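> Spelled out, the chains give:
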Amino acid sequence: MDVQYKINRLEATNDIRPMVNRHWAELRTAKERGEKVGWASGPSFMFPYAMGMKCHFMAGYASYCGGIGAANEVLKVAEMTGDLPETCSYHRLHMGMAEAVRKGISIMPEAILPLPDLMVAGRYCTEQSHYAEGLYRRMGIRVVPVELPFVFRKEDRLMIRDFVYRQFKEIVIPTLEEVCGKPFDYDRLSEILSILKKTATIRNKCWEFFKTKPSTWTLWDYAVSMAPVIYMMGDPVGIPFYEKLLKELQDRKEKGIPAMAPEGEKYRIYWDGWIPWAFLGKFMRKFTPNGALCIVGRYPWEMFPHPELLDPEHPVDSVVDYMYGEQAGLAGNMAPKHSIEFIGGLIEEYSIDGLVMFSSKSCRMWNLSYLDVIDTLDKRCGVPGVVIEGDMIDQDMVSDSQIETRLQALFETIDGRRKRK
Amino acid sequence: MEKVLSKITEVTSDPYAYVAELKERKGKKIIGCFPMHIPEEIIHAADMIPVVIWRSNESVTWGHAHVPPYDCGITRSFVDDAVRGKLNFMDGMVFHVRQCLQVGEFPLIIERNVKPAYMEILYLPPIYQGDPIKSYLLKGLESFKASLEDFSGKKISDDNLKKSIEIYNENSSLLQKVYEIRRDRPGILKAKEVMQIVWSSMLMPKEDHNELLKELLREMEKKTVETKKERIKVIPVGCLCQTLQFDILDMIEDLGMIIPDDDLYVGSRYFANKVRLNGNPIEALADRYLIKTPLCPTKGVWDVHWGDEVIKKLRNNDAKGIISIRVKYCPPHTCYYPDFKSKMIEEGVPEVMIDMEHEVISLEGMKTRLQSFAETMGGV
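Chains A and B, in that order, give the protein sequences.
All residue numbers for the first sequence refer to the working numbering, where the first residue is 1 and numbers rise by one.
All residue numbers for the second sequence refer to the working numbering, where the first residue is 422 and numbers rise by one.
Next up, chain A with everything else stripped away, as it sits in the complex (with noise of 0.2 Å):
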C-alpha cells in the first residue's frame, strides 16, 4: 500500500503571522504618528531604520502581500494603469499599489503603504530600481539609488566592495541625514546588527535540524519564518521566537517527530529561487503526496547565513560584507558560476537527492544559466535536477500539469538512479 505523507505542522511558526501583521501595521500607521517612511530593496532598509524611520523591503512587502491574499487585486491593479503584464510581478506589486492610492482604487486596505520620503533603491538585481524610478517620475518620490551588482568573478570582488561602501558612506547616509534632519545614528545601526547577530546565531541552530534525517521542519517552515533575520531585523521579538523554535525542533528530534509524518520524507529537496510566497499551500501539495520535502535553497540561506562575521563594531563594513565580504560575499552567490559551489556545499551537507529550480517567468534573477548549473551539479554531485517554471505571486503564470510533470520526472529519475546502487 502507497504510504500517505503528510506534514507536522510546528507550533513555534504559528508565532510569525502577528509579529509580521505588527510590523506592516506599524509601517502603515507611521505617518500619522508623524515618523518618516522609506522604502527599500536590496538590503539597503537598516540604514532607514537606523535613523528611526519605518522602512518597507521590496521582496518582505511582496511575501507579505503573497500571504496574506493580496498580489492577485494589486497585480490587476498595475496592469489596469499601465504595465505590461510580463513585467517583473515584485515591479507590478509596487506600481499597483501605489497606483491603487493615488487614485483611490479600492484594494485589501491591510496592502496598502503609506507612500515614501525616500526610497533607498538597492539596485541588486538590474531591474529592481525601475519601480522606484517609475514612481519618481508619476509622484515626484524622492529616490537615492545605490548599485549593488553581482560578482562574477572572484578578482573584481575588492574593486565592487569598495564601491559599495563608498555609495553608502558618501551618497546614502548624507541623504539619510538631509532628509531626517539628524545626524547618522551609528550606534543604532549597531545595535541593529548586534540584534540581528543574535537571533541568526539561534536560526542558525534551527539550521542543524535540516541535516537530521528524516529533517524535523521543511524549507516552507523556514522561509515564513525569515522575516526576523532580513526586514524585521534590529527588532527583538525575533530572539524568543527563535528559541522557541529551536526548542520545538529538539523536543521533535528528541522524541523521533518528523516533518513529514508518518516516517519522514523520501526525497530530500534542494529549492533553488524565490519562494512562491502566494502559492506556498499549493507548492507543498505538489511535493508532499510524493513524500518529498524541500529542506534547503539558495536564497532562503542569503539572510545572514554567518552571523559570526557580524561586527556591531564597524556596522557599515559589515553591511557591506554581508554582500562582498571576503568570507560570505553573498553577491558572489548571485553569479551561476560560484552558486555552482555554494549549492554544491549545501547538497552535500544536507543530504540532498535533486534540484528543483524555481524559475520565475517575470524574473530572472535567481535563474541565471540554469540549465549549465544543474548539468554541472548533476555530473559533478550525482543529483539531478529539474527547472519548474511559475511565479513569485502571479497566479496567471503558474501552471500546474507543467510543474507536476516535472517534479514526477524527478521523483523517477532519483528512484532509477537509486536502484542502479
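Derived from the structure by calculation, the hints contain no laboratory data.
You can take every hint at face value.
Below are the DSS-like pairs computed for lysine-lysine, each with C-alpha atoms no more than 30 Å apart in a straight line:
#1 K337/A / K555/B
#2 K169/A / K555/B
#3 K337/A / K720/B
#4 K337/A / K560/B
#5 K713/B / K169/A
#6 K555/B / K154/A
#7 K76/A / K762/B
#8 K379/A / K507/B
#9 K749/B / K103/A
#10 K507/B / K337/A
#11 K749/B / K788/B
#12 K154/A / K575/B
If you want the ones that stay clear, here's a sample from chain B, every Cβ over 12 Å from chain A, calculated:
#13 V440
#14 R446
#15 E642
Bear in mind that the values here come from a model prediction, so they are computed numbers and not experimental data.
From the three backbone atoms N, C-alpha and C, an ideal C-beta is built for every residue, glycine too.
Got chain A sorted already, so can you dock chain B onto it with the hints?
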C-alpha cells in the same frame, strides 16, 4: 550609391561569413562585444577588431538547452549561435553584465561550452549621482584596458587610444551626416538601408566603413528625391539592442509612412555622442558613457524623461507619430513603457507599440495595427 549599398547589404546579409573572412584578410583578432555600451575604441587601440554581436535570422535550437524561451530574442539567438559553433571565429567576447539581468546568463554558458581565448566582464554602473560612480567606472575601464593589453600583448598608449577615438568620432560624424541628409530628404534611403548602414558600422573596421560612408555621402549629396507630401513622418523608438526585422520597416513605409529619424541603438543612438580628444582618453570614454541622452532605460537615468527626449526628436523632424518597438521579454523597456506611453498621451502625440519576437511575429496583426495608426494620423 547602389555600389555602396550593395557592399553594405553583402556585409549585413551574412555577418558570420563577412567577419570570418575579415579576420583572415586583416590577420587580426576579432572581439565580439555584446551590445550596447562596450567602449569599442579601447579594443581598436589594442589592434584588434571589435564587432558588435548580432541577432541571427534563424530559429533558436540548441540554445534552448541553455536559456529559457522567456529570455529576449538576442539573448537566445546569441547563445544559440555560440553553442552551435557559429561564432568560433571570435577570439574574444565582452559582456557588460549590469546592462540587464539577461546578460548575466552569458559568462557561465560561454565559459562552460565554447570559451573563447579572451572573455571579459564589465560592470558599467548606472548613471547615479555622486563621485563613487565615476571613479568606479574609471577603474572598470582601466581594468578592461589592462586585460586587452594582456591578451593582445600590446601596450595601449594614450596616443594610440586617441587615434582610435578619432577614427570612431569620424565614423559618428559621417553617420550623423547620413542622418542629416535623410532628415532633409526623407526617402533618399529606405529605412532598412539606413539600419543596414549603421549595422555595417558595427561589423566593419571603422577605417573601411569611413571610406564607404564618404563614398555614400558623395552620392547622396548628388541625389534628388521627389517629395511626397502625403507621407506621414514617424519616428521608431525602442530599447532593443538588436536590429529589427527589416520587413517591419518596409511595412511602415509601404503603409504610407516615412521615417526621417529614429531613437534606436542600431540607429541614431549608436553614434550620438562623440568622445572628446583632449585630456585622459579613458576619462573621456567614461564621460561619454555618463552622458544621459539619448536616454537608454538600461542606464538608470532619473532626471530626464525618455518621452520628453523623443518628443524633442519628433518636433525636430516635423514628425507626427511615434512607433514604439518593444522586444518581447526586455525588462528595461517593458518597465519604462507605461510612463513613456503616459507622456505621449499627456502631450497629445500619437503613439503605437508593436511587439517584436525573435521567431514568430504576426506580421498581419502588426500590419493592421500600423495601418490603423497611420489612418488615425490622417494618412494612407
